[in-house]
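Undergrad: All chains, please: the whole structure from these sequences, using the hints.
In case you want the letters, here they are:
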Amino acid sequence: QQQVKQSPQSLIVQKGGIPIINCAYENTAFDYFPWYQQFPGKGPALLIAIRPDVSEKKEGRFTISFNKSAKQFSLHIMDSQPGDSATYFCAASPINQGGKLIFGQGTELSVKP
Amino acid sequence: GAVVSQHPSRVICKSGTSVKIECRSLDFQATTMFWYRQFPKKSLMLMATSNEGSKATYEQGVEKDKFLINHASLTLSTLTVTSAHPEDSSFYICSARENGYTFGSGTRLTVV
Numbered sequence: 038q039q040q041v042k043q044s045p046q047s048l049i050v051q052k053g054g055i056p057i058i059n060c061a062y063e064n065t066a067f068d069y070f071p072w073y074q075q076f077p078g079k080g081p082a083l084l085i086a087i088r089p090d091v092s093e094k095k096e097g098r099f100t101i102s103f104n105k106s107a108k109q110f111s112l113h114i115m116d117s118q119p120g121d122s123a124t125y126f127c128a129a130s131p132i133n134q135g136g137k138l139i140f141g142q143g144t145e146l147s148v149k150p
Numbered sequence: 032g033a034v035v036s037q038h039p040s041r042v043i044c045k046s047g048t049s050v051k052i053e054c055r056s057l058d059f060q061a062t063t064m065f066w067y068r069q070f071p072k073k074s075l076m077l078m079a080t081s082n083e084g085s086k087a088t089y090e091q092g093v094e095k096d097k098f099l100i101n102h103a104s105l106t107l108s109t110l111t112v113t114s115a116h117p118e119d120s121s122f123y124i125c126s127a128r129e130n131g132y133t134f135g136s137g138t139r140l141t142v143v
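The listed protein sequences correspond, in order, to chains A and B.
For the first sequence, my numbering gives the first residue as 38, with consecutive numbering after it.
For the second sequence, my numbering gives the first residue as 32, with consecutive numbering after it.
The set of hints was computed from the structure by calculation and includes no laboratory data.
Treat the numbers as computed from the prediction; the structure is a model and nothing was measured.
Just so you know, even glycine gets a beta-carbon here, dropped at the ideal spot from N, CA and C.
Be aware that one or more of the hints could be misleading.
[To be verified] As a list, the in silico DSS-like pairs of lysine-lysine whose alpha-carbon atoms are at most 30 Å apart:
#, chain 1, residue 1, chain 2, residue 2
1, A, Lys-94, B, Lys-45
2, A, Lys-79, B, Lys-95
3, A, Lys-42, B, Lys-45
4, A, Lys-79, B, Lys-45
5, A, Lys-52, B, Lys-73
6, A, Lys-105, A, Lys-95
7, B, Lys-51, B, Lys-95
8, A, Lys-52, A, Lys-42
9, A, Lys-105, B, Lys-86
10, A, Lys-108, B, Lys-97
11, A, Lys-94, A, Lys-79
12, B, Lys-73, A, Lys-94
13, A, Lys-95, B, Lys-72
14, B, Lys-72, A, Lys-42
15, B, Lys-73, B, Lys-97
16, B, Lys-95, B, Lys-72
17, B, Lys-72, A, Lys-52
18, B, Lys-51, A, Lys-79
19, B, Lys-72, A, Lys-149
[Said to hold, decoys possible] Some chain A residues judged to face chain B by a derived CB distance under 7 Å, without partners named:
#, residue
20, Pro-77
21, Lys-79
22, Gly-80
23, Pro-81
24, Pro-131
25, Ile-132
26, Lys-137
27, Phe-140
28, Gln-142
29, Gly-143
TA: See below:
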């Protein structure tokens with residue numbers, strides 16, 4: 038069964054803190070790992086994505102760390118702001134399966150002023 | 032950047048009726064689109080992969096006769112929820128792939 042496990046389920050940090058959200062995959066080869074941000078009642082918006090030949094990628098305040106041998110990847114949000122309060126989803130695209138995405142369970146982030 | 036437009040954003044229908052949701056790629060051609068369902072405070076569950084000019088590929092457990100998908104052009108895929116029931120109430124989201132995956136804004140379906 039294809040699975041992407043995400044933790045924690047919820048996270049509260051103070052403004053300026055660095056929330057870290059973790060994901061792990063198993064049993065299937067994946068070749069694309071995006072992170073999405075979703076606000077209530079809206080569709081997910083792409084934050085940053087990485088491919089398995091890279092161990093780290095930074096875009097603005099968002100960083101993905103990727104550990105291929107451990108089958109784990111994580112999202113770090115630098116200098117978090119109250120406007121970052123949202124639900125974050127990791128995802129992974131299985132190789133040779135038509136480009137679909139398998140999503141993690143989601144993390145509800147709250148950044149306190 | 033790539034834009035995916037989804038309509039309607041909200042729909043309320045009576046039990047037993049059918050509802051059509053549209054997903055359009057506005058500035059690119061999408062041979063493949065994806066339909067997801069999301070329950071409150073839950074993750075996105077892939078329902079089906081919509082392929083232009085051919086039959087959709089449904090995920091295990093998704094009733095293809097209940098959720099009809101049509102992808103008649105390179106910019107439009109539709110999801111029709113047939114004979115809707117209250118348990119079909121959910122947030123439906125489409126996506127298309129263009130240098131990554133772009134999602135529509137979702138459709139909140141309420142069946143009363």
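Undergrad: All hints are to be evaluated individually against the structure, with a verdict given for each.
TA: Okay, the hints, checked on the actual structure:
1. A:Lys-94 - B:Lys-45: The given pair, whose Cα atoms are some 48 Å apart, is violated under the 30 Å limit.
2. A:Lys-79 - B:Lys-95: Holds: A:Lys-79 and B:Lys-95 sit about 26 Å apart, inside 30 Å.
3. A:Lys-42 - B:Lys-45: Violated - the C-alpha atoms of B:Lys-45 and A:Lys-42 are around 37 Å apart, more than 30 Å.
4. A:Lys-79 - B:Lys-45: It holds: about 24 Å lies between the C-alpha atoms, which stays within 30 Å.
5. A:Lys-52 - B:Lys-73: holds (26 Å)
6. A:Lys-105 - A:Lys-95: holds (17 Å)
7. B:Lys-51 - B:Lys-95: OK: B:Lys-51 and B:Lys-95 at ~14 Å, within 30 Å.
8. A:Lys-52 - A:Lys-42: holds (27 Å)
9. A:Lys-105 - B:Lys-86: violated (35 Å)
10. A:Lys-108 - B:Lys-97: violated (36 Å)
11. A:Lys-94 - A:Lys-79: holds (26 Å)
12. B:Lys-73 - A:Lys-94: holds (27 Å)
13. A:Lys-95 - B:Lys-72: Between A:Lys-95 and B:Lys-72 the Cα gap is close to 28 Å, so the pair holds against 30 Å.
14. B:Lys-72 - A:Lys-42: With a Cα-Cα distance of about 16 Å, the restraint between B:Lys-72 and A:Lys-42 holds, given a limit of 30 Å.
15. B:Lys-73 - B:Lys-97: The given pair, whose Cα atoms are some 22 Å apart, holds under the 30 Å limit.
16. B:Lys-95 - B:Lys-72: holds (25 Å)
17. B:Lys-72 - A:Lys-52: holds (24 Å)
18. B:Lys-51 - A:Lys-79: Within the cut-off at roughly 19 Å; holds.
19. B:Lys-72 - A:Lys-149: holds (20 Å)
20. Pro-77: With Cβ-Cβ at 9 Å, over 7 Å, it is violated.
21. Lys-79: holds (6 Å)
22. Gly-80: Given a least distance of 4 Å, the restraint on A:Gly-80 holds.
23. Pro-81: Holds, about 5 Å.
24. Pro-131: violated (11 Å)
25. Ile-132: Check failed: Cβ of A:Ile-132 comes no nearer than 15 Å to chain B, outside 7 Å.
26. Lys-137: holds (6 Å)
27. Phe-140: holds (5 Å)
28. Gln-142: A:Gln-142 check passes; min Cβ-Cβ to chain B is 5 Å, inside 7 Å.
29. Gly-143: holds (5 Å)
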